[in-house]
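Asks: Residue numbers (my numbering), protein chains in the order written: chain A, 411 to 532; chain B, 411 to 532; chain C, 411 to 532; chain D, 411 to 532.
Think of the hints as simulated: they come from the structure by calculation, not from any bench. Given the structure is predicted, the values throughout are model-derived calculations rather than measurements. For glycine and all other residues, C-beta sits at the position ideal for the given N, C-alpha and C. Treat the hints with caution; some may be incorrect.
Result set (DSS-like, lysine-lysine): computed pairs, CA atoms no more than 25 Å apart in a straight line [claimed, not checked]:
(1) D/K413 <-> C/K413
(2) B/K531 <-> A/K531
(3) C/K531 <-> D/K492
(4) C/K413 <-> D/K531
Okay, the calculated beta carbon distance ranges per label pair [said to hold, decoys possible]:
(5) B/E448 <-> A/G487: 39 to 45 Å
(6) B/K413 <-> A/G493: 25 to 31 Å
(7) C/K492 <-> D/G446: 24 to 30 Å
(8) B/V485 <-> A/T469: 45 to 51 Å
(9) A/D459 <-> D/D459: 21 to 27 Å
(10) A/D459 <-> D/S503: 19 to 25 Å
(11) B/N484 <-> D/K531: 38 to 44 Å
(12) A/L416 <-> B/R479: 29 to 35 Å
(13) D/L416 <-> B/T469: 39 to 45 Å
(14) A/G487 <-> D/L416: 42 to 48 Å
(15) D/D459 <-> A/P491: 28 to 34 Å
(16) C/T467 <-> B/L464: 26 to 32 Å
(17) C/L464 <-> A/V485: 23 to 29 Å
Some residues of chain C that are not near chain A, with every Cβ distance over 10 Å (derived) [as the list claims (entries may be wrong)]:
(18) Q417
(19) S430
(20) G446
(21) F457
(22) R460
(23) V485
(24) Y489
(25) P495
(26) E519
There are 4 protein chains.
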Amino acid sequence: MSKGQLQWIIPDGYIPPTSSGQLESHESICVLNLSGEEVTVTVNAFFEDREPILGMTATVGGQRTHHIRTAHLNVEGKYIPKGVPYAMEVTGSAPIFVQYSRLDSTQAENALMSVMAFPVKE
Amino acid sequence: MSKGQLQWIIPDGYIPPTSSGQLESHESICVLNLSGEEVTVTVNAFFEDREPILGMTATVGGQRTHHIRTAHLNVEGKYIPKGVPYAMEVTGSAPIFVQYSRLDSTQAENALMSVMAFPVKE
Amino acid sequence: MSKGQLQWIIPDGYIPPTSSGQLESHESICVLNLSGEEVTVTVNAFFEDREPILGMTATVGGQRTHHIRTAHLNVEGKYIPKGVPYAMEVTGSAPIFVQYSRLDSTQAENALMSVMAFPVKE
Amino acid sequence: MSKGQLQWIIPDGYIPPTSSGQLESHESICVLNLSGEEVTVTVNAFFEDREPILGMTATVGGQRTHHIRTAHLNVEGKYIPKGVPYAMEVTGSAPIFVQYSRLDSTQAENALMSVMAFPVKE
Numbered sequence: 411m412s413k414g415q416l417q418w419i420i421p422d423g424y425i426p427p428t429s430s431g432q433l434e435s436h437e438s439i440c441v442l443n444l445s446g447e448e449v450t451v452t453v454n455a456f457f458e459d460r461e462p463i464l465g466m467t468a469t470v471g472g473q474r475t476h477h478i479r480t481a482h483l484n485v486e487g488k489y490i491p492k493g494v495p496y497a498m499e500v501t502g503s504a505p506i507f508v509q510y511s512r513l514d515s516t517q518a519e520n521a522l523m524s525v526m527a528f529p530v531k532e
Numbered sequence: 411m412s413k414g415q416l417q418w419i420i421p422d423g424y425i426p427p428t429s430s431g432q433l434e435s436h437e438s439i440c441v442l443n444l445s446g447e448e449v450t451v452t453v454n455a456f457f458e459d460r461e462p463i464l465g466m467t468a469t470v471g472g473q474r475t476h477h478i479r480t481a482h483l484n485v486e487g488k489y490i491p492k493g494v495p496y497a498m499e500v501t502g503s504a505p506i507f508v509q510y511s512r513l514d515s516t517q518a519e520n521a522l523m524s525v526m527a528f529p530v531k532e
Numbered sequence: 411m412s413k414g415q416l417q418w419i420i421p422d423g424y425i426p427p428t429s430s431g432q433l434e435s436h437e438s439i440c441v442l443n444l445s446g447e448e449v450t451v452t453v454n455a456f457f458e459d460r461e462p463i464l465g466m467t468a469t470v471g472g473q474r475t476h477h478i479r480t481a482h483l484n485v486e487g488k489y490i491p492k493g494v495p496y497a498m499e500v501t502g503s504a505p506i507f508v509q510y511s512r513l514d515s516t517q518a519e520n521a522l523m524s525v526m527a528f529p530v531k532e
Numbered sequence: 411m412s413k414g415q416l417q418w419i420i421p422d423g424y425i426p427p428t429s430s431g432q433l434e435s436h437e438s439i440c441v442l443n444l445s446g447e448e449v450t451v452t453v454n455a456f457f458e459d460r461e462p463i464l465g466m467t468a469t470v471g472g473q474r475t476h477h478i479r480t481a482h483l484n485v486e487g488k489y490i491p492k493g494v495p496y497a498m499e500v501t502g503s504a505p506i507f508v509q510y511s512r513l514d515s516t517q518a519e520n521a522l523m524s525v526m527a528f529p530v531k532e
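Produce the entire structure from the sequences given, and follow the hints as far as they go.
Replies: In structure tokens, the structure reads:
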């Protein structure tokens with residue numbers, strides 16, 4: 411088995427609804443795949459007051475990274491809504507490493523935050 | 411037992427006393443509950459120069475997240491004071507995942523910080 | 411033994427030399443002591459191009475937090491210099507939890523960063 | 411073996427292409443070497459759409475820190491390109507501690523983010 415963990419948790423998800431200045435508000439799920447094979451990443455989104463959106467997917471090539479924009483994820487026409495607090499479970503078809511970053515440019519200057527996702531004990 | 415940890419620590423708590431611009435200064439304890447049952451979250455707040463506030467609670471539904479505003483937590487009429495450094499111990503009645511984020515808009519533009527809470531070894 | 415870890419590492423230390431706006435640039439080592447007894451915290455600072463400053467201390471009461479300003483730490487008249495990259499080793503006389511945060515107000519608006527310190531395996 | 415881990419992962423790398431205001435946009439890989447001997451740090455960079463850049467190196471003296479600017483790393487004339495998402499694998503010739511921080515001054519005011527790198531299980 412290659413290096414990394416299969417399952418990662420990001421409790422604080424939020425796509426800022428507005429942007430100003432040069433940079434657009436966004437979140438990225440940054441995945442590193444150190445194996446030689448392509449990995450499928452499955453993202454489940456959990457909300458405060460509605461059913462989860464399960465089974466959104468993206469791919470990461472072998473020996474590649476993919477900084478996945480959460481606003482681009484979708485399944486059966488469903489997208490993560492903007493301006494709504496949510497949380498994510500990120501699962502790889504093989505071991506991966508996951509970091510989460512948000513750029514908020516709601517106000518004129520940008521604000522950044524980043525955390526390593528939390529690996530679920532296996 | 412479902413996925414997660416029972417007890418989490420956040421040493422750097424601080425509710426900024428002032429806000430400016432479009433967004434209000436606040437902190438959130440972001441909890442994900444992957445189980446199928448509602449979880450009760452108990453928050454204890456520890457201070458530099460006074461007795462702890464113990465036993466503030468919030469709930470998180472099954473397969474739901476709750477981004478708990480620290481300014482809303484209270485017990486027996488006691489709230490976490492603004493503008494005072496403190497620390498938190500966050501305990502779930504069942505396993506949870508916990509991230510802490512702060513938006514500080516004391517000055518005209520917002521600043522963001524976030525950390526995964528630290529899981530206490532069981 | 412009470413909850414926590416004895417030794418924590420913070421590789422990215424930096425006290426911004428200048429401030430502007432309402433808030434002063436600073437770093438905090440935020441310590442939570444869940445035990446019933448006072449804990450002594452020892453901070454060692456390591457630099458890129460000079461000898462370490464070893465044995466700066468602070469205390470944290472039982473069931474208390476202390477958000478230690480790095481600019482206040484000193485030993486034998488030596489302080490951590492401003493505007494110089496450094497790293498820290500933080501050791502408790504009993505188990506503690508440690509988070510590191512920096513407020514940089516070099517420019518007109520403040521920027522925030524925070525990480526949980528890294529616990530040394532025991 | 412001295413304290414620390416041999417291998418660390420940083421999934422979210424990005425060198426902002428532009429700067430404004432007093433501070434230059436940059437990333438730092440902050441390494442602490444608690445041993446008494448110099449350590450060689452090897453950085454591999456992985457991209458979304460091109461082959462990795464492998465084998466960039468820097469050194470950290472014994473009982474010293476080195477806040478390595480990613481823009482200075484290079485091997486055989488190859489540098490990490492600016493404005494391109496990437497990920498890093500950081501390996502020490504002996505155990506080290508690693509934190510990653512980014513200062514983004516694309517807009518007039520700076521934004522900061524920092525994470526502890528993720529230690530690969532050994």
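Asks: When the hints from earlier in the document are held up against this structure, which numbers fail?
Replies: 3, 5, 9, 10, 17, 26
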